[in-house]
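Engineer: Chain by chain, the residues run as shown.
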Amino acid sequence: MGRTLAEKVWDDHVVTRAEGEPDLLFIDLHLLHEVTSPQAFDGLRKAGRPVRRLDLTIATEDHNTPTLDIDKPIADPVSRTQLETLRRNCAEFGVRLHPLGDIEQGVVHVVGPQLGLTQPGMTVVCGDSHTSTHGAFGALAFGIGTSQVEHVLATQTLPLAPFKTMAVTVEGELPEGVTAKDLILAVIARIGTGGGQGYVIEYRGSAIEKLSMEARMTVCNMSIEAGARAGMIAPDETTFAYLKDRPHAPRGEDWDAAVAYWRTLRTDDDAVFDREVVVDAAELAPFVTWGTNPGQGAALSSAVPDPASYSDPSERLAAEKALEYMDLTPGQALRDIRVDTVFVGSCTNGRIEDLRAAASVIEGRDVADGVRMLVVPGSVRVALQAVEEGLDKVFTAAGAEWRHAGCSMCLGMNPDQLAPGERSASTSNRNFEGRQGKGGRTHLVSPQVAAATAVLGHLAAPGDLPGLATDVRTPVEV
Amino acid sequence: MEAFTTHTGRAVPLRRSNVDTDQIIPAHWLKKVTRDGFEDGLFEAWRKDPEFVLNRPERAGASVLIAGPDFGTGSSREHAVWALQNYGFKTVVSSRFADIFRGNSLKNGLLTVVLPQETVEALWELTENDPAVEVTVDLVAREVRAGGLTAGFDLDENARWRLLEGLDDIDLTLRNAADITAYEARRPSFKPSTARI
Ligand code: SF4
Numbered sequence: 111m112g113r114t115l116a117e118k119v120w121d122d123h124v125v126t127r128a129e130g131e132p133d134l135l136f137i138d139l140h141l142l143h144e145v146t147s148p149q150a151f152d153g154l155r156k157a158g159r160p161v162r163r164l165d166l167t168i169a170t171e172d173h174n175t176p177t178l179d180i181d182k183p184i185a186d187p188v189s190r191t192q193l194e195t196l197r198r199n200c201a202e203f204g205v206r207l208h209p210l211g212d213i214e215q216g217v218v219h220v221v222g223p224q225l226g227l228t229q230p231g232m233t234v235v236c237g238d239s240h241t242s243t244h245g246a247f248g249a250l251a252f253g254i255g256t257s258q259v260e261h262v263l264a265t266q267t268l269p270l271a272p273f274k275t276m277a278v279t280v281e282g283e284l285p286e287g288v289t290a291k292d293l294i295l296a297v298i299a300r301i302g303t304g305g306g307q308g309y310v311i312e313y314r315g316s317a318i319e320k321l322s323m324e325a326r327m328t329v330c331n332m333s334i335e336a337g338a339r340a341g342m343i344a345p346d347e348t349t350f351a352y353l354k355d356r357p358h359a360p361r362g363e364d365w366d367a368a369v370a371y372w373r374t375l376r377t378d379d380d381a382v383f384d385r386e387v388v389v390d391a392a393e394l395a396p397f398v399t400w401g402t403n404p405g406q407g408a409a410l411s412s413a414v415p416d417p418a419s420y421s422d423p424s425e426r427l428a429a430e431k432a433l434e435y436m437d438l439t440p441g442q443a444l445r446d447i448r449v450d451t452v453f454v455g456s457c458t459n460g461r462i463e464d465l466r467a468a469a470s471v472i473e474g475r476d477v478a479d480g481v482r483m484l485v486v487p488g489s490v491r492v493a494l495q496a497v498e499e500g501l502d503k504v505f506t507a508a509g510a511e512w513r514h515a516g517c518s519m520c521l522g523m524n525p526d527q528l529a530p531g532e533r534s535a536s537t538s539n540r541n542f543e544g545r546q547g548k549g550g551r552t553h554l555v556s557p558q559v560a561a562a563t564a565v566l567g568h569l570a571a572p573g574d575l576p577g578l579a580t581d582v583r584t585p586v587e588v
Numbered sequence: 002m003e004a005f006t007t008h009t010g011r012a013v014p015l016r017r018s019n020v021d022t023d024q025i026i027p028a029h030w031l032k033k034v035t036r037d038g039f040e041d042g043l044f045e046a047w048r049k050d051p052e053f054v055l056n057r058p059e060r061a062g063a064s065v066l067i068a069g070p071d072f073g074t075g076s077s078r079e080h081a082v083w084a085l086q087n088y089g090f091k092t093v094v095s096s097r098f099a100d101i102f103r104g105n106s107l108k109n110g111l112l113t114v115v116l117p118q119e120t121v122e123a124l125w126e127l128t129e130n131d132p133a134v135e136v137t138v139d140l141v142a143r144e145v146r147a148g149g150l151t152a153g154f155d156l157d158e159n160a161r162w163r164l165l166e167g168l169d170d171i172d173l174t175l176r177n178a179a180d181i182t183a184y185e186a187r188r189p190s191f192k193p194s195t196a197r198i
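Protein chains in written order, with the working numbering: chain A, 111 to 588; chain B, 2 to 198.
Certain hints may be false.
[Unchecked claim] Okay, derived cross-link-like pairs now, EDC-like style, lysine to aspartate or glutamate, Cα gap no bigger than 20 Å in a straight line:
#, chain 1, residue 1, chain 2, residue 2
1, A, 503, A, 179
2, A, 320, A, 283
3, A, 118, B, 185
4, A, 431, B, 45
5, A, 156, B, 172
6, A, 156, B, 169
7, A, 431, A, 532
8, B, 192, A, 364
9, A, 548, A, 450
10, A, 274, B, 155
11, A, 156, B, 37
12, A, 182, A, 194
13, A, 274, B, 157
14, A, 548, B, 40
15, B, 49, A, 434
16, B, 192, A, 121
17, A, 274, B, 158
18, A, 354, A, 364
19, B, 192, A, 165
20, A, 274, A, 379
21, A, 320, A, 393
22, B, 192, A, 122
23, A, 118, A, 133
24, A, 431, B, 52
25, A, 182, A, 511
In short, the hints are calculated from the structure, not lab data.
Here chain B stands alone, though its shape is the one from the complex:
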């Protein structure tokens, strides 16, 4: 996984709440068997509208998504994260993320930043008034900075460390292989096996 330390880029203000993963990437895109090539499916239905914020020329190349509350609800599809990343987003800001989406993002190095709704509103206003304004998401300082605005954010220490280092979860877990084996040895015999009977 690519490490995330700090990122600066222009933003897309997405004034919608409850953006579910079916909106982020519709189901028919889920038939692909790779992790890339999802960029054209991102918000596919809404992108048919030329006025949709992502289609505005001044938003081209933006890499920070500023979303409404309850972003990423619904289906657990990790494709939603890949679609955002394939499109070029490095980080998503919202006042509330759905749990699975958040977990998926952090595992892929897409930083999800939780800020109070007032701060999100302020960022919306700022980036709507001036599409050229750059937003910095600094994981080292745990800060979002844009225009005159500075807002701190929380992220649990372990997730932050893995993002900063770009560490692969599976490697980390396999360091505990002996503990897993010991646990397996003490599992009760009545637990089911999927072996055919």
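Chain A with its partners taken away, still in its complex shape:
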């Protein structure tokens, strides 16, 4: 019987296999950041163990880093300690680190791909659930806990029980204005936040094949929001073109050998998935969340649902609690929801194509009165590219704030936070209670919806904007 993409990558990494035991898998790339690594390094130190493969390990600072005044000492002493701890650990053990201020610094899941370190057929891990992002390259990439971080540092392997496989097939053309973010939010709403539990999801079908690498990363990034361990997309010409000539991509004969291998990384025609979900791309629309988990979403053109309409009692209760926390009433049009803050950034939508998309909507327009808009590039490289294209000017001219790279408002660990009761439209991936700051209320949206929302002050799509008097530059092809 044929094998799925996930099974092929898995099989190629088995170090030992024994009846009744988890497989021991080799890990090709281990990414580190400041939050989930200190206790792991501590463990190594206590046991007197070195890092086994420094050449497969890399660290960056992202969660705690401020996005303003980055040349000044970090104000919050606890954040500072955590960053200093990472710097000390990396120096002591010899791990390559890109600290705040370095040209390669940024959100860990933006940095790996842009350096060309994430490649098809690899196993990639990081003490961070959004490691699923790297699956866009046809890598088996998943988040791990701190004990496992220590395990990989010490052994470059992980004992793992096999995953189940799920195919999410999206056929057809995405309608105009519908993005990868809308697609993945709709998939999560359909299968639920527990629907992917135990599975590696492979996204396939003509609509997926047409996505750019960055859009594919957006899709795979949020696999974890459906409960899946990982998301994957088979590598193709789009993948190879993205990787060619990146700093860590193979060169010369190695490139040819790599591409020959990468071409074998597809699900065989006779392979069987444990579960299959089919989505018609033509039925998708701009999608936003109304609740406090990423599965509580709906088309922007619809209304806040009535909890009474849920037959499952625990879903009904979850919806009731969500509406109370979000201060929304059933039946209220989603377009009528007013926001205080708009956040464009994160490892979901903080790459250059996302910034281009948001800029193309906001160019020549103004952020609505009383709304603050933060634009935070996912990495220093993304920031430099955006500046070269003049996107920073587009944003600041509209009244948005242009910040330094980092996780920023994606989570309340650094100074960029929502105040209690404040409401945001955010291109990040989690709308949990308090995720963006205590008492903050989050609506997950695409970069295009974020930009249109910033202009109108309420949840909106670019199509809701009145035309401009002057001609807007044609959006860059994404």
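Following the hints, put chain B with the ligand in place on chain A, whose structure we already have.
Structural biologist: For chain B with the ligand alone, kept in the frame of chain A given last:
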């Protein structure tokens, strides 16, 4: 790691589904660089409410958490497990756990027990009606016992053995060091290195 064989204690019924790790331990607690001292951050937002079940005097000293479905979703933070353990929980019962949370728990000796939702409901009722009732989670017999109720649970044999013995995963893996070296020798040369170029 401390071995887990059997544990008996009073319970906290947590009637909420989809309790994500941001609720278990909010992000600002993640700045600590140790594995202990997280107990005050456990369910921090909800604990502001004096009526929240964990704050009820009759729940003081409870060590078995009986949670709703999809417990531990979201962020992979192992701090969620440490917070539960620092607070005094030895085991969590739910009808469904998020994968990463479950993996993290078992690695730290916090036993996660999967029971059908009806059984969880029965345990909720039992422990709500009588907060003093003791719940026994017996890993040797693979059984949960409380009041008149007995429910069997599954756990894969390997995870169970490591919990029962309190074995350290890294030591176990390093027994296969020769296999790892052999695997490394046959990795293709086109695989990337993080060495600076
Ligand atoms: S941007 Fe958000 S989701 Fe991504 S790594 Fe940072 S905190 Fe996590």
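Engineer: Quick check: which numbered hints come out false for this structure?
Structural biologist: The structure conflicts with no hint, since it agrees with every one listed earlier.
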